[in-house]
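Trainee: If you want the building blocks of each chain, they are given just below.
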Amino acid sequence: MTARKEDKLVSLQQAAALVRDGDTIAMQGMGTQMSPLALVRELIRAGKRDLQVAMVVGGIGLDWMIAAGCVRKVMAIIINLDEFGMANNFRRAAEAQKLEVEEYTEHQILTRLGAGAMGLPFGVSRSGLGSDVIGLHPDTTKVIECPFTGKPVIACRALEPDVAILHAHRADRFGNVQFFPKPIWTDVDVFPRAAKKVIVTVEEIVENEEIRRTPIHTGIPYFKVDALVHAPYGAHPCSLFPKYNFDRAVFQRYADESRTPEGTRAFLDEFVYGLKTHDQYLAKLGGTAALKRLESWD
Amino acid sequence: MGTAKEYTIDELMVVTLAKAFTSDDIILNGTVSFIPVSAVLLARATHAPGLTWVAGAVGVDAQPGSVIGNTLDPTMWKGCVMYLPQYEDMWSYVHRGTLETFCIRGAQIDQYGNINNSIIGSDYHKPKVRLPGSAGMGDMGSLDKRVFIWSTTHNPRTFVKKVDFRACVGWLDGGGSRAKLGLRNGPQLVITDLCVMDFEPTSKRMRLVSVHRGITPKQVQEQTAFELVMPASVPETPAPDAEYLRLLREVVDPKAMRKIEFRGSATKV
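Chains U and G supply the protein sequences, listed in that same order.
Mapped onto the working numbering, the consecutive letters of the first sequence carry residue numbers 3 to 300.
Mapped onto the working numbering, the consecutive letters of the second sequence carry residue numbers -1 to 267.
Don't read these hints as lab results, they were simulated from the structure.
There may be inaccurate statements among the hints.
[To be verified] The list that follows gives simulated cross-link-like pairs (lysine to any residue, SDA-like), each with its CA atoms no further than 20 angstroms apart:
id: 1; chain 1: U; residue 1: K100; chain 2: G; residue 2: V79
id: 2; chain 1: U; residue 1: K75; chain 2: G; residue 2: R244
id: 3; chain 1: G; residue 1: K3; chain 2: G; residue 2: K160
id: 4; chain 1: G; residue 1: K124; chain 2: U; residue 2: K184
id: 5; chain 1: U; residue 1: K184; chain 2: G; residue 2: R203
id: 6; chain 1: G; residue 1: K266; chain 2: G; residue 2: R203
id: 7; chain 1: U; residue 1: K245; chain 2: G; residue 2: T6
id: 8; chain 1: G; residue 1: K159; chain 2: G; residue 2: T96
id: 9; chain 1: G; residue 1: K257; chain 2: U; residue 2: Q254
id: 10; chain 1: U; residue 1: K184; chain 2: G; residue 2: C78
id: 11; chain 1: U; residue 1: K278; chain 2: U; residue 2: M88
id: 12; chain 1: U; residue 1: K153; chain 2: G; residue 2: K253
id: 13; chain 1: G; residue 1: K253; chain 2: U; residue 2: K75
id: 14; chain 1: G; residue 1: K126; chain 2: U; residue 2: P263
id: 15; chain 1: U; residue 1: K153; chain 2: G; residue 2: G180
id: 16; chain 1: U; residue 1: K7; chain 2: U; residue 2: G137
id: 17; chain 1: U; residue 1: K144; chain 2: U; residue 2: R172
id: 18; chain 1: G; residue 1: K266; chain 2: G; residue 2: C78
id: 19; chain 1: U; residue 1: K245; chain 2: U; residue 2: R195
id: 20; chain 1: U; residue 1: K184; chain 2: U; residue 2: K100
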């Protein structure tokens, strides 16, 4: 799908409406880093259902979505909150068999997305040979013989998510998305290329001329972006390197309160359901001036 | 250089792992890997100045000075010469074997160094306990890495005869089974809160190398659910050199973040 060179700037609500129930969404994120959490909160408020979420590393946003009943299946390599421990709602849902878990090695899921990005039927990897991970999903990974050497390799079936959702540093209104530094993480790199639709939230909207002065920072061109949302601190409580670090206090609170479904519900009521807009979320945290405290990396 | 009389198990584990690293090593690390990253920084500050470390698999030759955050955080990339793009660059170097050394821990470790951090139970789809997932270990086990295993919970629940789910490939079923699959390298050393172990070269079964101060080989065997290869005599793990210990405490990990890894351990540090 090709997006035109036109104004893509929309509200969070309008962007969330592009995600349909049942969609496969590729969601940027790590345990505590770079995730489009303003949009995730909006997807939860919009009551999305039956989503199939593909990530490399799932973190706090995915745990919220699972708790809120948005997710039918996860495709990922690990889901946790880094030093804050387990993703408790993921754990409870999987143990109750209310969530389908399609576990991959990192290179397997990247190879699936890479094949999707190139329009190939599958890609190959050696990652996970001999492990039990391979047998989990014979529909998408299969050991085959290399046609040239006869050695075993793993065929990883192409994955083309319906939507990729990302948070980035800045963009112009056409959706030329820039990263500082340029894409480091795999999800920023291959997710948008593999997905049919791309939604990006950004810290800052700049003029097209500014993008043209600094094209070396552009990671996604306008023709791949369908919707753009201005959301300062849109990754909060995750970090957006190098602009701001993760919010330790909020993470610790969620790690503690999510030990029970009731605690999770109270947290979501306060930080998601009880706030109608991203502006209200920022105001709750004391405004963007107060969030400057997160700009230290020591 | 004298050896220290007063030290804790976390310090002994870091120094012992550091001593296993050399200037020829190219090491990358994953999340919540405080003991390996402390060992990397300590080795680089002492006997292995040429050691190459890619912090969090991103920050090439990073120089954060000390452990200042979680081991996967951007804060640890400080002073690096390059942010390694993950999709193309990092996975090229990992697949080809250029990045050769990785450290792994897990909820279950078996006698051949296969590791599980995915589920506990007999049916993957009906887990008794759902764990975070295989993450990088699922890749690194099969991609020819020299693997160093660490554990702060040396007990029969962690050191099991057979893992419930083989997320990370070690020596597979022992003997030549790993080589038969075409996989190079494999698990080298296991450092726990009780002892140091390696793998007997022919059978690839886990073998006791040394026991930490105050621990007997019998105690280690009692805390291990499979039969260890037991040499006739097992020495005590050498006490840390005083200078290594000073560097660890004052320079490498002054906030003692490595102790986070002892949550849930019977060993008090």
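Trainee: Under the criterion that the straight-line Cα-Cα distance not exceed 20 angstroms, is the pair U:K153, G:G180 satisfied?
Mentor: Cα-Cα ~8 angstroms, so holds.
Trainee: Taking only the CA atoms, is the gap from U:K100 to G:V79 under or equal to 20 angstroms?
Mentor: violated, 45 angstroms
Trainee: Given the proposed pairing of U:K75 with G:R244, does the C-alpha separation stay at or below 20 angstroms?
Mentor: Judged against 20 angstroms, a Cα distance of about 49 angstroms means the pair is violated.
Trainee: Next pair to validate is G:K266 with G:C78; report whether the Cα-Cα distance is within 20 angstroms.
Mentor: Not OK: G:K266 and G:C78 at ~35 angstroms, beyond 20 angstroms, violated.
Trainee: For a C-alpha distance cap of 20 angstroms, please report whether U:K184 and G:C78 respect it.
Mentor: holds, 15 angstroms
Trainee: Hint check: U:K184 vs G:R203, CA-CA at most 20 angstroms. Holds or violated?
Mentor: violated, 45 angstroms
Trainee: Holds or violated: G:K257 with U:Q254, Cα cutoff 20 angstroms?
Mentor: holds, 18 angstroms
Trainee: Between the alpha carbons of U:K245 and G:T6, is the straight-line distance 20 angstroms or under?
Mentor: violated, 38 angstroms
Trainee: Are the Cα positions of G:K3 and G:K160 separated by 20 angstroms at most?
Mentor: At roughly 38 angstroms apart (the allowed maximum being 20 angstroms), G:K160 and G:K3 break the hint.
Trainee: Holds or violated: are the alpha carbons of G:K159 and G:T96 at most 20 angstroms from each other?
Mentor: Measuring from Cα to Cα gives roughly 32 angstroms; hence the hint is violated.
Trainee: Given the hint that G:K124 pairs with U:K184, does the C-alpha gap stay at or below 20 angstroms?
Mentor: Outside the cut-off at roughly 41 angstroms; violated.
Trainee: Would the hint linking U:K184 and U:K100 be met if the CA-CA limit is 20 angstroms?
Mentor: This hinted pair is violated, its Cα atoms lying about 38 angstroms apart.
Hint compliance for this structure: hints 1, 2, 3, 4, 5, 6, 7, 8, 11, 12, 13, 16, 17, 18, 19, 20 are not met, and every other hint is.
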